[in-house]
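S.K.: Chains as they are written, first to last, in this note's numbering: chain A, 1 to 169; chain B, 1 to 355.
If you're looking for bench data, these hints aren't it; they were derived computationally from the structure. Where is the CB? At the ideal position from N, CA and C, for every residue including glycine. Be aware that a few hints might be false.
[Claimed, not checked] DSBU-like mimics (lysine-lysine), calculated; alpha carbons at most 30 Å apart, straight line: (1) 65/B with 40/A; (2) 61/B with 33/B; (3) 33/B with 41/A; (4) 42/A with 61/B; (5) 33/B with 36/A; (6) 132/A with 108/A; (7) 141/A with 108/A; (8) 42/A with 33/B.
[Claimed, not checked] Label-pair distances were calculated between CB atoms; the ranges are: (9) 50/A with 59/B: 26 to 34 Å; (10) 85/A with 42/B: 37 to 45 Å; (11) 163/A with 56/B: 43 to 51 Å; (12) 223/B with 11/A: 34 to 42 Å.
[What the hints assert, rightly or not] Covered stretches of chain A, going by a simulated chain B footprint (3 or more residues, C-beta under 8 Å): (13) 23–32; (14) 42–56.
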Amino acid sequence: MEPLTNRRKNVEQLPMTFAERAYLPAIAQGLGITLKHFFKKKATVQYPEQTRERSEVWRGLHVLKRDENGAERCTACGLCAVACPAEAITMTAGERKAGEEHLYREEKYAVTYEVNMLRCIFCGLCEEACPKAAIFLQDDKLAPARFERDEFIYGKDRLVEPLKTTETK
Amino acid sequence: MDSVDLLYKGIYILVIFGITLLIATYSTYFERKIAAFIQDRVGPNRAGPAGLLQPLADAGKLFFKEDFIPARSSKALFIIGPGIAMLVATMSSAVIPFGDMLLVGGREVFLQAIEVNIGVLYVFGVVSLGVYGLMIGGWASNNKFSLLGAIRAASQNISYELAMGLSLIAVLMMTGSLSLREIAEQQAGFNWNIWYQPLGFIIFLVCAFAETNRTPFDLPESEAELIGGYHTEYGSMKLGMYLFAEYINIFVASAVMATLYFGAYNFPFMAELEAWLAGATESAVTANNIVTLLGVAAMFAKIFLFIFFFMWVRWTLPRFRYDQLMKLGWQILIPLAILNIVLTGGGILLKDYLF
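Chain A on its own, in the form it takes in the complex (with noise of 0.2 Å):
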């Protein structure tokens, strides 16, 4: 047939030689490979005893740090709400009474802060729109899976930075 265009190229199939028909040398190559991989250096990671250093830049879960005397940074300014590409965070503002002020460092404070994980791509936006340094993503800790979707959404009772409860000398 004619060729429509000059671009066609011919493909050669020789014919198999008798070493490529008889197998064996592909075979002694072949196991040649593999014998160099019996010496070479092994890639695991023996996980309990040993762990994988993370990236310097990961990020992990969230969590909202306290002032040096214990108090909730946190202001509920809604920043980070609006600096979150995914709209991951929501929280409802409310005002310090009398007598907490050594729960809370500001005259506002949030009294729901949810992080919804589904959500979240952490990026890390959060952490820098934040004013009072109250938010951060932590790089040691993993947002660990979960049965139940409504599990994904993080409350301040699992955010808030614990206590430190026994501070001694």
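Given chain A, work out where chain B should sit, using these hints.
M.R.: Using the frame of chain A, we list chain B on its own:
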């Protein structure tokens, strides 16, 4: 045979049985280790030092699994199947000479369980019975995939048995004996059959892979197409028996190959070493015993090399297609084996004519 000989034979058979089982057990461990090493992994290393208790852990797991028998299966045959596979596998090491002769208290002690002058035929006869284990297992499961696997196993074993027997005939023509001890003795020192029968050895090796159902010829199992082949319906220790029988078969096949082609318990400069030792220790008995024990070590070294080779090939080559397997057996290996017989016969005639 007097009672002392009988006692000795009894002990020797028990020892060989134990060694066979031990080697088969640790073959499973080394299979996993070698697979891991070839794939740049570490392999089992949690159970015991360096994972050495892993075979025990595997066996424990198999024993405690549910022993399931399908409702529509043929129950008696279903139970007998793995038993036959095990029995046949352990029987064939009886005629293999693992060493020469020890002199204990003026008594000649041969390191071979049974000396029969048809040793080679015995091995072949017993090994070919092994296919009954697979066939019965596959048939009794009442599962079409098992049956397909069993039929594959049967036809594959029969096909390769032919080429194996033909390649062996060339060795028998050279040695003029069917006794494995006789064949081993004729290869004294470094006069191994491999130097005269390289083609025959390659054919025998390929057939040994097919007979033991090892990759690249593990079509009876072929997990990808047939789920598990003849042992699809098996679980618990019955499956364990089948898999274990395969490892025993590898051990026996390695031992037969070492005996037939690689000089069995002979090693280079054996006679010189014995003469020198007899001079140095001034005792022919001690010299003989030391050399015999070294020979046993040489035999096991050869067997282990072959076992390693079986595993090495397994983690290198992909599985054959079934028509390729049959074509290789019938159209390539059998004609090659016949060619090898003709060449060997010509060589023997030429040697007689020239010398």
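S.K.: Note whether the CB distance of residue 50/A and residue 59/B lies within 26 to 34 Å or breaks it.
M.R.: Given a distance of about 30 Å, which is inside 26 to 34 Å, the answer is holds.
S.K.: Is the hinted range of 37 to 45 Å satisfied by the C-beta distance from residue 85/A to residue 42/B?
M.R.: Given a distance of about 42 Å, which is inside 37 to 45 Å, the answer is holds.
S.K.: Check whether the Cα positions of residue 42/A and residue 33/B lie no farther apart than 30 Å.
M.R.: Distance of about 12 Å is within 30 Å: holds.
S.K.: So if I understand the rule, the pair passes when the alpha-carbon distance is 30 Å or less; does residue 141/A with residue 108/A pass?
M.R.: holds (29 Å)
S.K.: For the pair supplied as a hint, residue 33/B and residue 36/A, is the alpha-carbon distance within the 30 Å limit?
M.R.: Holds, because 15 Å separates the two Cα atoms, which is no more than 30 Å.
S.K.: Given the hinted pair residue 65/B and residue 40/A, is their Cα-Cα distance within 30 Å?
M.R.: violated (37 Å)
S.K.: Quickly compare the C-alpha distance for residue 132/A and residue 108/A to 30 Å and report which way the hint goes.
M.R.: holds (12 Å)
S.K.: Is the listed coverage of the stretch 23–32 of chain A by chain B valid when you require three or more residues with a beta carbon under 8 Å from a beta carbon of that chain?
M.R.: holds (count 4)
S.K.: Holds or violated: residue 61/B with residue 33/B, Cα cutoff 30 Å?
M.R.: Given that 30 Å is the threshold and the Cα spacing comes to 19 Å, the pair holds.
S.K.: Look at the Cβ atoms of residue 163/A and residue 56/B and judge whether their distance stays inside 43 to 51 Å.
M.R.: Hint holds: Cβ distance 50 Å, inside 43 to 51 Å.
S.K.: Using the C-beta atoms of residue 223/B and residue 11/A, is the stated range 34 to 42 Å upheld?
M.R.: About 36 Å separates the Cβ atoms of residue 223/B and residue 11/A, which means 34 to 42 Å holds.
S.K.: Can you confirm whether the C-alpha distance between residue 42/A and residue 61/B stays at or below 30 Å?
M.R.: holds (28 Å)
When held up to the earlier numbered hints, the structure conflicts with hint 1 and nothing else.
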